[in-house]
Each structure stands twice: as C-alpha cells, then as structure tokens.
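Starting from the known structure of chain A, arrange chain B on it as the hints suggest.
If you read the sequences in order, they're chains A and B. Okay, so the first sequence: first residue is 1 according to this note's numbering, each after it adds one. Okay, so the second sequence: first residue is 1 according to this note's numbering, each after it adds one.
Read the hints as simulated data drawn from the structure, not as lab findings. Do not rely on the hints blindly, as some may be mistaken.
[To be verified] Derived coverage of chain B by chain A (criterion: at least 3 residues anywhere in the stretch with Cβ under 8 Å from a Cβ of chain A; other residues may be distant):
| # | stretch |
| --- | --- |
| 1 | 50-64 |
| 2 | 118-129 |
| 3 | 253-267 |
| 4 | 294-306 |
| 5 | 466-473 |
[Said to hold, decoys possible] Once the Cα atoms are required to be at most 30 Å apart in a straight line, the calculated BS3-like pairs of lysine-lysine come out as:
| # | chain 1 | residue 1 | chain 2 | residue 2 |
| --- | --- | --- | --- | --- |
| 6 | A | Lys221 | B | Lys335 |
| 7 | A | Lys2 | A | Lys112 |
| 8 | A | Lys2 | A | Lys106 |
| 9 | A | Lys77 | B | Lys309 |
| 10 | B | Lys335 | A | Lys2 |
For each residue, glycine too, the CB sits at the ideal point set by N, CA and C.
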Amino acid sequence: MKFRIYRYDPEKDAKPYYQDYDVALAPTDRMLLDALMRLKAQDDSLAFRRSCREGVCGSDAMNINGKNGLACITNLKDVKEPVELRPLPGLPVVRDLIVDMSPFFKQYHSIKPYLVNDTPPPEKERLQSPEDREELNGLYECILCACCTTACPSFWWNPDKFVGPAGLLNAYRFIADSRDQDLEARLDNLDDPYRLFRCYTIMNCTDVCPKGLNPALAIGKIKGLMVKRAV
Amino acid sequence: MSLEGRSVAAAASLPMRRFDAVIVGAGGAGMRASLQLAEAGLSVAVLSKVFPTRSHTVAAQGGIGASLGNMSEDHWLWHMYDTVKGSDWLGDQDAIEYMCRQAPRVVYELEHFGMPFDRNADGTIYQRPFGGHSANFGDKPVQRACAAADRTGHAMLHTLYQRNVRARTQFFVEWMALDLVRNADGEVLGVVAYEMETGDVWILQSKVTVLATGGAGRIFAASTNAFINTGDGLGMVARAGIPLEDMEFWQFHPTGVAGAGVLITEGVRGEGGILLNANGERFMERYAPNLKDLASRDVVSRSMDQEIKEGRGVGEHKDHLLLKLDHLGPEVIMKRLPSIREIAIKFANVDPIREPIPVVPTIHYQMGGIPTNIHGQVVVPRDGHHNTPVPGLYAVGECACVSVHGANRLGTNSLLDLLVFGHSAGGHIVAQNYPAQAHRDLPRDAGDAPRARLARLDAATSGESVPEIANTLRKVMQSHCGVFRNQELLAEGVSKVMAIAEQVAHTAIKDKSKVFNTARVEALELDNLIETAKATVVSAEARHESRGAQARSDYPERNDADWLKHTLWYRDGNRLDYKPVNLKPISVDSFPPKARTY
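Just chain A, with the same shape it has in the complex (with noise of 0.2 Å):
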C-alpha cells in the first residue's frame, strides 16, 4: 500500500518534506495505525504517538488525506491511496506526526474542567436522577484527542483566544451537570468576543469527531444559555 507522509525533523531538516512509502501489509492489518507500524519497523525514523490502538486514548490522531481522525479505528478499506498523512494542523510541529499540543491542553485547562460543589459532600453518592445524568451523554465521552479543534479555522486563526470545540464541549459538560454549582461564573469565563464567540457555526468539528460527538450543539448551548441570561 502506498503513502505519502510529512516528515520533518527539526534537528536534520531546514524545513519539512513529504516521504513516499510503500509497505507490504499482512491480511491481518486493519486499520491506519496496523500499516503505520510496519512502516515504522522498515523506516524507525517515522515518528507518531500511539497507545490504545482502540480509538480511546486518542493519541493517534492525525490528518489522514486531508481529515483529522485517529489512525487505530481508519480502516484500511476507506482510505485512497496514496494515503497522505499530516500532523494535525493549526498546531506547531514537533517532528513527523507529532504536534505540540501546548495550546490545545491550555484553552481545555481555561475552562476550569472538573466539578464545581462547594457544599460539603453526603456521607454517600451525590444523587443525580437519570434525566440529569443523560445530559452528560455526548458530552464525558470526549477523549481529547484535538481532532475537532485542529479541525476548525477560528482556532486556526485563534489559538490562543478562542477556546476551541473540544474545550467549549468540554465546558458544557460542566454547565449541564445538575452537581455543579458554578454556572455563573462558567458563563463569565466564556462571556468574550473571541473564547465562545469565535465559534461562527462552520461545524468541521462535529464533521471529524472519531467519537461521532457533536461539539457544535453543545457549543450552542452555551450560546443559548448567554443569550438567556443576557435578557
């Protein structure tokens, strides 16, 4: 199977490359990431993160012919070759497929992600009807892997301004939890022309999501929820 990747090593190369492979792959391999282990072991050079290899750790996510998804669940069949592989834009490149992924983690880190309860807990669980709890579905999932940020121009154009998809759907995963308590004061926090309202509705991010979220209605949400407040 034949490939087309960007490679880039910052210690050797004055500036980035493409690299054709062509790789003989075993019945066995399936998916994106079982092909882009043996070209490792032919090529050691080629770098990329990888763990789970079942789509829920999200390190591998890349840009696989012009789409972000996560190499562990692309399925061999329903890629064209020759298959280009990118790091994910919008983000510096380290080397090869790897980015850093500085600025994504500290626009999650700004929306203050985890559970706002200041009253002194109950000697047992903090009650929660189902209802409530269904309210988190879509949401908990997310297993920030950058695909829906890298995805989105505002964030491209923004990175250190707008919150981004992941980070925005991650906010709203607090703002719906009926155990939180810091509504307010999560609403204030994205009240900006740039953090939420950056966000112009483009829906790249709910396009790419490997976990088929949808963080644009969730950044709607939030919108809704200023504009309800505001009057």
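Only chain B this time, still in chain A's reference frame:
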C-alpha cells in the same frame, strides 16, 4: 521548564530537579496518589510517557467493585469472600479486607469529584452484575460493579485528571523514567528520567518515589493492553535488585475480539450476554453450573480453551467462540454497552444488535508485580523478616502486588485497587511529613547505568532490530506461557527468553535524533519487557501446581501443602525465593482454602 530549583548534581553531571515526591505514571493509581500529595501541599512531580488521560486506565470498561448495595443487599465481607475465592487463596487476606472495606468510600469520593456514573431511578449509582460477584458467600449473583456505561475507566481517569488540574498537580508529560536512584543503604532517592521531546536525561531527586507504571501485557502477542504497557516500573525495580512477586499469574480475559485483541467487557455477560460454541451450545452451564458465564475469569478462559481444543471452536480455523448479546435488545445495548457495539463493528465487522461477536481468551492483566504492603510501601525480605519496607519507595496499581488479586483477579477489582491503594499510599506519604525533611545526598554513580544504556544505543551502528526482537519475545511468551502450561513448554520458554535477553543487549536503532525519538523509547521499553518476561516464565516453570491463572497440565491440581506461598523472582541469576501468604485478615475470621467451584 522553569530553571528554578535546577542545579547540576556534581557527581552525576546530569541536570537535576528536586521534589518532595516523584510519581512515575499518571494512570488511575498514580493520579489518585498525586491528588492527595498535591492537596496536602507537597511538591510533587508526576511523570508520564503519555498525556495523563491517555494512560491505559482509560480503556477499562465494566465497572468498579464496591458493596454499595444500591441494587440489592450487599456486604463488604461478601466482596471479600469473592475476592479471596477469586484469588484461589493466594491473595493476602489483610490486604483484601482493607480493599473491600474501603471500596464504598473511594467510590463515593470519586462521585463527589464529578465521576459521571450511570444512575438508578432513585438517583443512586447504577451497579451491574460481574464475574465472580456473589451475595452471601457464593449463594447467588449480586450487582456490585459501579458503572459509567461501558466506559468506566475513561470516565474515572478523566475525573481524576480533572481533580488534579484543580489541585494544580505538576505533570511531566511525555517523560519516561529509566531507573531508580538508590544509595548504598538501599534508600531510593529519586529517578533518572528521559524527556522525549528534547532527548535530555535528568535526575529528579525526591524524598519519596511512587511507581504507578501499570501492567506489562505487551510481553504477550495477543493482548488487550495498550502499546505503552511495557512494565517500566518492573524493569526499574528488577535492575535495582528488588524482587518481583507472583509474576507467573497473568489473567486471560475471556473476551478479546478474535484476531484484534481489543477488550470486550465482562459487563456484556453481566448485562446478560452468553458464550456459545460451534454447536450453538451455552457451554459454561457445564463448567460452572451456578454462575455459568459469570464464573471467575480464569475458569471461563480455561473452559473456552477446552472447547476450542475439543473441536467446538467457531470459524474457518475453529479457533474462537461467540459472544451473543442480541437478545438483550437494542435499547440495553445502546444504553449500557455503546462502546462495545462500536468496537464490534469496527474490529469484528459485526453489529452485536444482530450478530454475535467472535471472541477468544486474551492476555489482559498482571496479578503479580512489585511487592508492597497495604500502605503501598515496597517490601522485601530482609534480616529474617518477609516484608521490610524499602526506604523511600512505594508502588501502586497494576505494577504492584499487595497482593489483593492472588492467582486470579476478580473483574472490577482492578479499578478499585487503583483507587484504594493510590489513596492509602497518598495518605501514608502525607503522614511522613516529607516537606520537613532534607534531601539525602545522591550517590556518585547516580544515573550512570541508564546513561550507559543510552550511550550504547547511540553508538551502535548495527545490531538487532527492536521491533523484531520484541515480536519474537511476544510470540515465545504466547506459545510457551499461555492458558495451559507444562514443564516441557515452560523449560523451553525459559531458555528461549534467556536467549532473547542476550539479543536485547545488542539492539541498534537507526534513528539517532534527539527530538522525539520514538525508536529510542521503544528500545528502552524493551529493556523492561524482557525483565518482565524473564520473571514470568521462570516463576511459572518453578511453580508445580495449578492455581488461578496458572494452569499446568502436568500438575492439574492446586497444592496448598507445598505451594500456598508467594513467588519472589530476583533478576540476579534468576533466583527464586518464596514467602507465606497472609491468611489472617485484619478484623474478621480467615477464609481457609477450600475447593473452588462456581
């Protein structure tokens, strides 16, 4: 990185930073411990090869065992009985009592942290049935597994990370610990660590070091484990002269996706899924008439292997079995097992709403590990005592052996183990008041050994290929140390693994770049895989009995007279030692060994 506190260790001439505590590993156990230390105001550095939420805890699916009694009556003593029986009496009953009694507390605490557990109509945490969980000492199944759909580990790991963000824990992301720093008195004074992005080697000096590096399932070819599970903590302690305990005991999870190895939670059977052979027979009724498909994992895996051996396997090569769950209906599958459906569709080409999933027993969990007590302190035999703490060293989670899992772990006790012992180690460390103590002097040779390993790799222009040797090792372990073992297989396995160990010392990598050199990381991981494999196969060969996950066709019975004891493997000369199992709980009567049926 801030330069504050940065100095050069004159003896070692490596850059150095100082902390009260260094934690190696940011999975469930490491982050439960770090939370406690950070909240108590200790300066703590948490090292992780991957961003914390990518640690392998994230892949746990089914639940956390705790006798909350939300679904029907339950009691920690019943949980304790199930765990002792599940362990085939090799578990230490003081540690098991401690864990089962603490279980409700750590689960409630996790809920207070924000864990999105599924809920019952009354608002309490939803609990599902699981393998080997029973009410009234084996009487009937009980719902004890606290679940967040089939993503419990993911929800738990993210919740712990979030809580650590709140506590401002300092993470060193994509740092790999290479070796412990120990002085002549055996005190542990920190770690030598490798920063992947820059290729720099540092000494992180500490007053206390906690290993939370997880399992090493990557020593086997067919494994549910992530690529990062390479037994780094095990290799570090083995090289430091500390023994590894009960390494012959590896759990085969009954339901890995055939061919792919990806885990299908026992929660599927908990929710009512059943295993079928080629004749469409629910064969577990024959092997475990009471709990059937929900018998302990070692029992179900052996039964499956037996079915395959006797020609009742499914598929072209009759090499797997079927997990049927379509009868649960789409609603239950979509609500309780959504990720399982996703995995089955992606990795097995079947939609479990309509068709069964092809499954096969797959390596999943390491019951043995670094010997510890219930405070998480690493313990070794010394001066006639079996369990003398190593000053300054703790281990928690899958890399540790307390031992609560003995010869076979009960499903859902792994996440529980992380929480309970992460918490107890954290508490014990806080109580030592380390901030008031001074750092001890580093030995002159601190960092020499790992630097020599790196220098050899950098200098080697030709040699053995790292991925090839690792694959050979995995194949040898799979065929010589699998579900069924015997003397001939194991003896051959030992000599093959020792031959591979020779090759490991002569690897070469082509990539010499300093920047994010993943080939170098894989070579360093291989140093840890090989120690884990040696410990496993040598310990397995020596144990002449069948107990829990160790099933020997030449010694088919459990032999309490000779083998009711823990194995201790030392790297130096593959030496073996043994220590007694603690059959005495803390406050209740002992559960004496008896025949194990389900």
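### Message
Hints numbered earlier in the text: which of these fail when held up against the supplied structure?
### Response
4, 7, 8, 9, 10
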